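Assemble chains B and R onto chain V, guided by the hints.
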Amino acid sequence: MAEINPDFIKLDEEMSSRELDTSPIDLLEQIKREGRVWEELSEEYGVENPDPPWRINLESTCDQLANGYLSPFNICRPAEQQEEPDDKKIDAIERRWEEDQLVSELYSDVPFPERTLLALAHTMIRRGILSEEELAVQMKKVSDRLNMNDGVYEDEARSSVELAKAENQ
Amino acid sequence: MSKPHYDREHHAKMATGIGDPQCFAGKAPDPKFKVGDRVRVRDLPDIFYTRTQVYTRGCEAVVAELVYESPPAEDESWDNTENVEWFYSLVFKATDLWPDYHKTFSKDTIETEIPEHYLEAV
Amino acid sequence: MSDIKDDHQHPPAAMVDEVSEFEILELAVRELAIEKGLFTQEDHNQWTEYMHTLGPAPAARLVAKAWLDPEYKELAVKDGVKASLDVGIDWVNSMPTHFGTPSDYCNLRVMEDTPTLKHVVVCTLCSCYPRPILGQSPEWYRTPNYRRRIVRWPRQVLAEMGLQLPEDVEVRVVDSNQKSRMIVLPVRPEGTEGWTEDQLAEIVTRDCLIGVAMPKPGVTTNGPRPVRKAVNPYHH
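Residue numbers (this note's numbering), protein chains in the order written: chain V, 1 to 169; chain B, 1 to 122; chain R, 1 to 236.
If you're looking for bench data, these hints aren't it; they were derived computationally from the structure. Be careful, since some hints might not be right.
List time: in silico EDC-like cross-link candidates among lysine to aspartate or glutamate, alpha-carbon distance up to 20 Å [to be verified]:
id : chain 1 : residue 1 : chain 2 : residue 2
1  : R       : Lys36     : V       : Glu134
2  : R       : Lys65     : R       : Glu193
3  : R       : Lys78     : R       : Glu112
4  : B       : Lys93     : R       : Glu31
5  : B       : Lys93     : R       : Asp113
6  : R       : Lys65     : R       : Glu197
7  : R       : Lys73     : R       : Asp86
8  : B       : Lys103    : R       : Glu112
9  : V       : Lys141    : R       : Glu35
10 : B       : Lys107    : R       : Glu170
11 : R       : Lys65     : R       : Glu202
12 : R       : Lys78     : B       : Glu82
13 : V       : Lys140    : R       : Glu31
14 : R       : Lys36     : V       : Glu132
15 : V       : Lys140    : R       : Glu35
16 : B       : Lys107    : R       : Glu167
Some but not every residue of chain R turned toward chain V, in silico, with C-beta under 7 Å [unchecked claim]:
id : residue
17 : Val19
18 : Ile24
19 : Arg30
20 : Phe39
Predicted model, so just to flag it, every value in this text is computed and none were measured. Glycine residues also receive a C-beta, built at the ideal position from the N, C-alpha and C atoms.
In isolation and in its complexed conformation, chain V is listed as follows (with noise of 0.2 Å):
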């Protein structure tokens, strides 16, 4: 087996010490708070199908976010090595591992899916590829949008299923 770069023992050590925040973002805070699961939500409407319509939009993104075979720790390298910044992914283990971790700590009173998208959503803003702010507007523009449409709205991405019911309305 080659000789292991001594350069790669130094960032090993640097990732050992580096302890995951798992400190609370305000924002993900109100929203576990607030925000109304699904399981909440299709006991009340008598829906039967056990996952939000969202679901497997979010699978979705996290694979789109691990679609890269590249520089998983990104994060880690001194600044000269990173990649440049616009090119954030997030390997599927590791956002799994900050997942495991963040729903032990914060999240473990939310049910499936909702806890992997506050976990994901957590991960992304302490990586810095978006900001609580950040987020924080574009939900205020996504709510604007669909509480105009009354929840029945041309959005490409919504799953077919969703489509259905709407023409069915």
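Showing chains B and R alone in chain V's frame:
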């Protein structure tokens, strides 16, 4: 270390229509072990990323199958796909892995896949 | 829409008539990611469409076919990817990428149970799952509780799920830690003599394919599986 240059299209070019790990078939040197061999998992230092579980380190197992050739995940995560090696499916006895596993169930086993460079002959 | 029955007595499908903060959050995260160039809307749509096609039916059919045809069973055990083609699943080419998904790869292994060997599948590292042939993984499969405990205390965890095995049966926990993805080919149960492929496929539930349940005539659904917290604090 100079700044690495990644060819983002590399994997797609090589694997399209063929599949991964199929795209690495025939690229590894001759396998060191065969079905039925007893091996031990080496406790190599982990540089960031490993898929060889901590619970297997230092434990003996029997080779059940030679599953495929591939660069080990530890290298692939650094975009190093030059070192292709054989991957083995190994069967460990539960009583070897866990000292307090009850002897009543001494037949129980765990099967998992480990690349060649983690293995040594027993 | 031609498969929706146009029955005047049929009540309109129930719909959740409010927008939750979570729904908004999912969209916001996705839209920001697209805005920042992490991926494109087109890629996301394509992936989502593909994911919607996935479910456990093909894997159940693979097992049913294997039970009825010893040659197919041999093929399934020897070359899971080739056998998958016969149930309409192409691990290589039907993915949007045409070289397998980064998370699922292209190496299906069909683990054959015998009367004295029972397989159960886990991914201790992160919950990898054979999605192309089995669909999305259930929540309990993803929890540290399951992943950590099934390798350590398989019989206890299986008993909690309603499966107890005699001591002369080898319980083999298969940890899919690399590029292979596994489904279990359970032993064909008694009381299914003369059954058709459809009838057999119906009793091969997702839980049977993961290995935490055994197929039984009359049982066509998965057991309830509450998601439990792991007791020990998380550390690598």
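Handout entry: Pair hint outcome, Lys140 (chain V) versus Glu31 (chain R) [Cα-Cα no greater than 20 Å]
Key = holds, 12 Å
Exercise for the section: Below or equal to 20 Å on CA atoms is what counts here, so check Lys103 (chain B) against Glu112 (chain R). Expected result: violated, 25 Å
Practice task
Decide if the proposed pair is consistent with the structure: Lys36 (chain R) and Glu134 (chain V), CA atoms, cutoff 20 Å inclusive.
Solution key: Holds, at about 11 Å.
Practice task
With a cut-off of 20 Å on the C-alpha distance, tell me whether Lys107 (chain B) and Glu167 (chain R) pass.
Solution key: holds, 8 Å
Handout entry: Holds or violated: Lys78 (chain R) to Glu112 (chain R), with C-alpha atoms at most 20 Å apart
Key = holds, 10 Å
Handout entry: Restraint status (C-alpha distance of Lys36 (chain R) to Glu132 (chain V) at most 20 Å)
Key = Since the Cα atoms of Lys36 (chain R) and Glu132 (chain V) sit roughly 15 Å apart, the hinted pair holds (cutoff 20 Å).
Exercise for the section: With a cut-off of 20 Å on the C-alpha distance, tell me whether Lys78 (chain R) and Glu82 (chain B) pass. Expected result: Distance ~28 Å between Lys78 (chain R) and Glu82 (chain B) Cα, so the pair is violated.
Practice task
Would you mind confirming whether the straight-line C-alpha gap from Lys65 (chain R) to Glu202 (chain R) stays at or under 20 Å?
Solution key: holds, 12 Å
Practice task
Assess, step by step, whether the Cα of Lys93 (chain B) is no farther than 20 Å from the Cα of Glu31 (chain R), and give holds or violated.
Solution key: violated, 49 Å
Practice task
Against chain V, run the beta carbon of Val19 (chain R) and see if the smallest gap drops under 7 Å.
Solution key: holds, 5 Å
Problem - 20 Å Cα cutoff - pair Lys140 (chain V), Glu35 (chain R) - result: holds, 16 Å
Exercise for the section: Would you mind confirming whether the straight-line C-alpha gap from Lys65 (chain R) to Glu197 (chain R) stays at or under 20 Å? Expected result: holds, 6 Å
Taken one by one, the earlier hints fail for this structure at numbers 4, 8, 12, listed in ascending order.
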